[in-house]
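Q: Sequence:
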Amino acid sequence: MDDPNDPLISIKDALKDEKRIKYHNDYLINLQASITEDGCNVQGYFVWSLLDNWEWQSGFTSRFGLYFIDYKDNLKRYPKHSVEWFKNFLKST
1 MDDPNDPLIS IKDALKDEKR IKYHNDYLIN LQASITEDGC NVQGYFVWSL LDNWEWQSGF
61 TSRFGLYFID YKDNLKRYPK HSVEWFKNFL KST
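Counting in our numbering, the sequence shown runs from 1 upward without gaps.
Any given hint could be a false lead.
PhoX-like cross-link-like pairs, simulated, lysine-lysine; straight-line CA separation at most 20 Å [said to hold, decoys possible]:
| no. | residue 1 | residue 2 |
| --- | --- | --- |
| 1 | Lys22 | Lys72 |
| 2 | Lys12 | Lys76 |
| 3 | Lys87 | Lys22 |
| 4 | Lys22 | Lys76 |
| 5 | Lys72 | Lys12 |
| 6 | Lys72 | Lys19 |
| 7 | Lys12 | Lys91 |
Source of the hints: derived by calculation from the structure; they are not laboratory data.
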């Protein structure tokens with residue numbers, strides 16, 4: 001799940017990542033079903049990626065991270081809405 005690195009989008013708007021939240025929520029619902037209904041032995045779940053990063057194929061043009069990295073302000077990090085969602089999700093498990 002990535003968002004384009006659009007310089008015209010404000011940081012405030014870039015932090016609104018409802019599509020990412022929906023993606024992880026839907027994925028985890030199905031993962032739970034595979035564990036309970038099918039007996040799958042799941043050992044972990046990893047989000048790609050914790051931070052926006054540089055990709056070999058596309059450089060800085062895609063933003064995958066739970067944290068927005070401001071490349072113009074000394075790599076300052078801002079938590080996206082999905083960070084709060086994951087905190088709440090982990091508290092409930």
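Q: Hint by hint, which ones does this structure get wrong, listed from lowest number up?
A: Those not satisfied are hints 1, 4, 6 and 7.
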